[in-house]
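K.L.:
Sequence:
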Amino acid sequence: MTIGEKYSKIREDVPEHVTIVAAVKTRTANEVAQVIDAGVTDIGENYVQEAETLHNELGDAAKSIQWHMIGHLQTNKINKALELFNVIQTIDSLKKADAVNRRAAERGKVVPVYIEVNIGSELTKSGFSPEYVLIEDLINEMAGMEFLRVKGLMTMGPVTGDPEEIRPYFRKTRQIFDRLCTLHLPHIDMKTLSMGMSHSYKVAIEEGSTMVRLGTVLFGTRIYQ
Numbered sequence: 138m139t140i141g142e143k144y145s146k147i148r149e150d151v152p153e154h155v156t157i158v159a160a161v162k163t164r165t166a167n168e169v170a171q172v173i174d175a176g177v178t179d180i181g182e183n184y185v186q187e188a189e190t191l192h193n194e195l196g197d198a199a200k201s202i203q204w205h206m207i208g209h210l211q212t213n214k215i216n217k218a219l220e221l222f223n224v225i226q227t228i229d230s231l232k233k234a235d236a237v238n239r240r241a242a243e244r245g246k247v248v249p250v251y252i253e254v255n256i257g258s259e260l261t262k263s264g265f266s267p268e269y270v271l272i273e274d275l276i277n278e279m280a281g282m283e284f285l286r287v288k289g290l291m292t293m294g295p296v297t298g299d300p301e302e303i304r305p306y307f308r309k310t311r312q313i314f315d316r317l318c319t320l321h322l323p324h325i326d327m328k329t330l331s332m333g334m335s336h337s338y339k340v341a342i343e344e345g346s347t348m349v350r351l352g353t354v355l356f357g358t359r360i361y362q
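Quick note: the sequence shown uses our numbering, first residue 138, plus one each step.
One should not assume that every hint holds.
Stated by the list, open to error - Computed list of lysine-lysine pairs in DSBU-like fashion (alpha-carbon distance at most 35 Å, straight line):
| id | residue 1 | residue 2 |
| --- | --- | --- |
| 1 | 262 | 328 |
| 2 | 288 | 146 |
| 3 | 288 | 339 |
| 4 | 328 | 288 |
| 5 | 143 | 339 |
| 6 | 200 | 328 |
| 7 | 262 | 162 |
| 8 | 162 | 146 |
| 9 | 262 | 309 |
| 10 | 339 | 162 |
| 11 | 232 | 143 |
| 12 | 309 | 232 |
| 13 | 328 | 309 |
| 14 | 162 | 200 |
| 15 | 309 | 143 |
| 16 | 288 | 246 |
| 17 | 328 | 214 |
| 18 | 217 | 288 |
| 19 | 339 | 214 |
| 20 | 217 | 200 |
| 21 | 214 | 262 |
| 22 | 262 | 246 |
By construction, these hints were calculated from the structure, which means they are not laboratory data.
From just these sequences and the hints, can you work out the full model?
P.N.:
In structure tokens:
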């Protein structure tokens, strides 16, 4: 089955209101071009440098889609990230939010962002602590940042062989999201809940995800060089 055929099959199975972001870490421009040709409208990349390479190799095709930063964003990469990405999904601290806001202000660019929640409180992962009151405090601070628009939450969930084991974490993230949606603050427009990857996206959708980030099920197992 080709990459395009895999995407078409998944798209048929995934509810229409759920956005599929093709996660393209380590993928070639040819592979990315295939999913774009198949109808993918959103691409997720973990690294700024790899995104820049793909932009250059894809040419005009790169301009036809939305680019999402889905990996940890280093402060020294923010300026380049703002050139390449339409959305930053990995705001993991107030310090990071402030840094992105200041750089965006210098460019006169308003940036849609998601707050990354470390829902499993894992020491090896980035993301904000999964305590509602802390996230609400962050949201209140970000409401004063003129060049950011908080559009949603993003989480990964613990790595496990059984997607059912991640369900409680997705459910907790959805509960936090729903509470945040009731806030009426400037620059806050919670629309997207980005959770679920290749092994867990079906459970994530059942728990309320409106955006899934799919790599392996589209492209096959990653080959690291």
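K.L.:
It remains to establish, for every hint, whether it holds in the given structure.
P.N.:
Okay, the hints, checked on the actual structure:
Our distance criterion of 35 Å between C-alpha atoms is met by residue 262 and residue 328, whose separation comes to about 24 Å. For the proposed pair residue 288 and residue 146, the alpha carbon gap of about 28 Å is at most 35 Å, so the pair holds. As the CA atoms of residue 288 and residue 339 are separated by approximately 22 Å, the hinted pair is consistent with the 35 Å bound. Restraint check for residue 328 and residue 288: the C-alpha separation of about 6 Å stays at or below 35 Å, so the hint holds.
Proposed proximity of residue 143 and residue 339 is supported: the alpha carbons are some 15 Å apart, at most 35 Å. Under the criterion of a C-alpha separation no larger than 35 Å, the hint pairing residue 200 with residue 328 is consistent with the structure, at around 23 Å. Using a Cα cut-off of 35 Å, the hinted pair residue 262 and residue 162 holds, with the two alpha carbons roughly 17 Å apart. Simply put, residue 162 and residue 146 have alpha-carbon atoms about 21 Å apart, close enough for the 35 Å limit, and the pair holds.
Distance restraint check for residue 262 and residue 309: the Cα-Cα separation of roughly 17 Å lies within the 35 Å cut-off, and the hinted pair is therefore satisfied. For a cut-off of 35 Å, the pair hint linking residue 339 to residue 162 stands: about 21 Å separates their Cα positions. Distance check on the hinted pair: residue 232 and residue 143 sit about 40 Å apart at the alpha-carbon level, beyond 35 Å; violated. A hinted pair counts as satisfied when its Cα atoms are at most 35 Å apart, and residue 309 with residue 232 qualifies at roughly 25 Å.
Only pairs whose Cα atoms come within 35 Å are accepted, and residue 328 paired with residue 309 is accepted, the gap being roughly 17 Å. Distance restraint check for residue 162 and residue 200: the Cα-Cα separation of roughly 18 Å lies within the 35 Å cut-off, and the hinted pair is therefore satisfied. Taking the CA atoms of residue 309 and residue 143, the gap is near 30 Å; set against the 35 Å cutoff, the hint holds. The suggested pairing of residue 288 with residue 246 holds, with an alpha-carbon distance near 16 Å, which does not exceed 35 Å.
Among the hinted pairs, residue 328 with residue 214 is consistent with the structure: their alpha-carbon atoms are about 26 Å apart, no more than 35 Å. Of the supplied pair hints, the one linking residue 217 and residue 288 holds, its CA atoms being roughly 21 Å apart against a limit of 35 Å. For a cut-off of 35 Å, the pair hint linking residue 339 to residue 214 stands: about 33 Å separates their Cα positions. About 16 Å separates the Cα atoms of residue 217 and residue 200, which keeps this hinted pair within 35 Å; it holds.
Distance hint between residue 214 and residue 262 is fulfilled; the C-alpha atoms sit about 19 Å from each other, no more than 35 Å. With a CA separation close to 29 Å, the supplied pair residue 262 and residue 246 stays within the 35 Å bound.
The structure fails to meet hint 11 from the earlier list, while all remaining hints are met.
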